[in-house]
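Visitor: Under the numbering used here, the first residue of the sequence shown carries the number 57, and numbering increases by one thereafter.
Treat the hints loosely; a few may be bogus.
To be verified - Computed beta-carbon distance windows for the label pairs:
1. Asn276 to Ile246: 46 to 56 angstroms
2. Ala119 to Asp261: 18 to 28 angstroms
3. Ile246 to Ala119: 47 to 57 angstroms
4. Ser338 to Ala242: 24 to 34 angstroms
5. Arg201 to Ala146: 36 to 46 angstroms
6. Glu138 to Gly172: 42 to 52 angstroms
7. Glu230 to Val317: 41 to 51 angstroms
8. Ser209 to Ala308: 49 to 59 angstroms
None of these hints come from the bench; they were simulated from the model.
From the three backbone atoms N, C-alpha and C, an ideal C-beta is built for every residue, glycine too.
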Amino acid sequence: MPRRSVVALVVSGAVALAITGAVLLAVLPPRAETAEDTAQAFAEALIAADGPAAVALVVDPPAAASLAVEALDGASAVDTAEVVLIEQTAERATFDLTLGLAGDTATARLVLVDDGDRWRVADGMWGVLRVETTRGDAVRVGGARVPAPGEVSLLPGLYPVTADPEDLLDGATEAAVFPGTDQDVAIEAIPTEAALEAAQGAIADYAAACTVPATSTPANCGMRIPWPADLVALDDLRFRIDRMPRVEDLDADTFVASGGVLIVTARGTDREGAPRDVTYRSDTWTLRGSFAVGSDGITLTVW
């Protein structure tokens, strides 16, 4: 007689027995996860700087948790993480979470609750960072862009905090965030050479708009055209830029673009009633105003 095989297969808690060609499937319940398991998994996620894994263990994570995950992606992880059980009831467990980061050590109380499905972290995981900057409307905290002034809840880690956008503004510091910490960070944002070039490009665009043919002196264009001294009526003004005003610096919240050479021809009627063209020249054409830096780049407002 041919021999029949007998096979035992164990897969993810399920035992399948094949006996003389028939299969019997017995499903075993999954191993219950303890509070210690969850606390240890949270500590390991912090060491790996694995934001998604850490937040997945949090009960009812806030909407801002996605920003915390993004920020941690650009931060340095904690060096060490140790959890020690302090007390536990059927629905609540408290641990000491001791973290080593950038040469410092801090201990926080990590609270876990049983939500009916599994143990989850309920308290003791966030630190708060308030940020502000001298220029721009945001800063970069780790891998996240954070509006400034403002505050953000962060998972433990060492976060670089930099001016934003980084190609237009210089300025950086770092913040070591432990659970329960509450700290302020201010960035002294200084315009870069690229910001100066961007401002010069904006001035060129603005100057071009100022010098289209017109029937009156353009407003907020740094021009005083004395045509009434020579004409009783003005038909139109024609412009030619021989040298563009140059932005000198952006050290303050204002700018000065000076040294422009502008030629203006006024066409109209003179005092004798005859048609006449009068040409004026300025070797000191200057534009002044304020500037702002945002996610869309640099914006100039000419006075």
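Visitor: Of the numbered hints stated earlier in the document, which are not met by this structure?
Guide: 1, 2, 3, 4, 6, 8
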